[in-house]
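Visitor: Sequence:
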Amino acid sequence: MSSQTSSISGPLHSVSLPLPLPMSLAAPQLPPASPSQQLGPDAFAIVERAQQMVEILTEENRVLHQELQGCYDNADKLHKVCDMLK
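Residue numbers (the UniProt record's numbering): 1 to 86.
Take the hints with a grain of salt, since some may be wrong.
Derived DEER-like restraints, expressed as beta-carbon distance ranges [as the list claims (entries may be wrong)]:
| hint | residue 1 | residue 2 | range |
| --- | --- | --- | --- |
| 1 | Val47 | Asp76 | 39 to 45 angstroms |
| 2 | Ala50 | Cys82 | 43 to 49 angstroms |
| 3 | Leu78 | Leu57 | 41 to 47 angstroms |
| 4 | Pro41 | Ala75 | 48 to 54 angstroms |
To be clear, the hints were calculated from the coordinates, so they are not data collected in a lab. For each residue, glycine too, the CB sits at the ideal point set by N, CA and C.
Required output: the full structure, derived from the provided sequences and hints.
Guide: This is the structure in structure tokens:
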């Protein structure tokens, strides 16, 4: 490991930070794996289930948004009625 440091100083602080290691000294790079090697069979099931959950939540969100819009419309009508009764 290298003990090189750089210094950052400004009006509010003075800090020593380690310099980044050159790529040759960093963790060894592994050759890129094909998609089938990266994901196991369980990963595909997890991804499929996550996609299903996203679809379900998207539909629920759409329904709730419509319901909320209906509540806004009803509130607007009530405000108009209250204004007329004043």
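Visitor: All the hints need checking, so say for each whether the structure fits it.
Guide: Verification of the hints:
1. Val47 - Asp76: 39 to 45 angstroms: holds (43 angstroms)
2. Ala50 - Cys82: 43 to 49 angstroms: holds (47 angstroms)
3. Leu78 - Leu57: 41 to 47 angstroms: violated (31 angstroms)
4. Pro41 - Ala75: 48 to 54 angstroms: Since Pro41 and Ala75 have Cβ atoms about 51 angstroms apart, the given range 48 to 54 angstroms holds.
In summary, the one numbered hint that this structure violates is 3.
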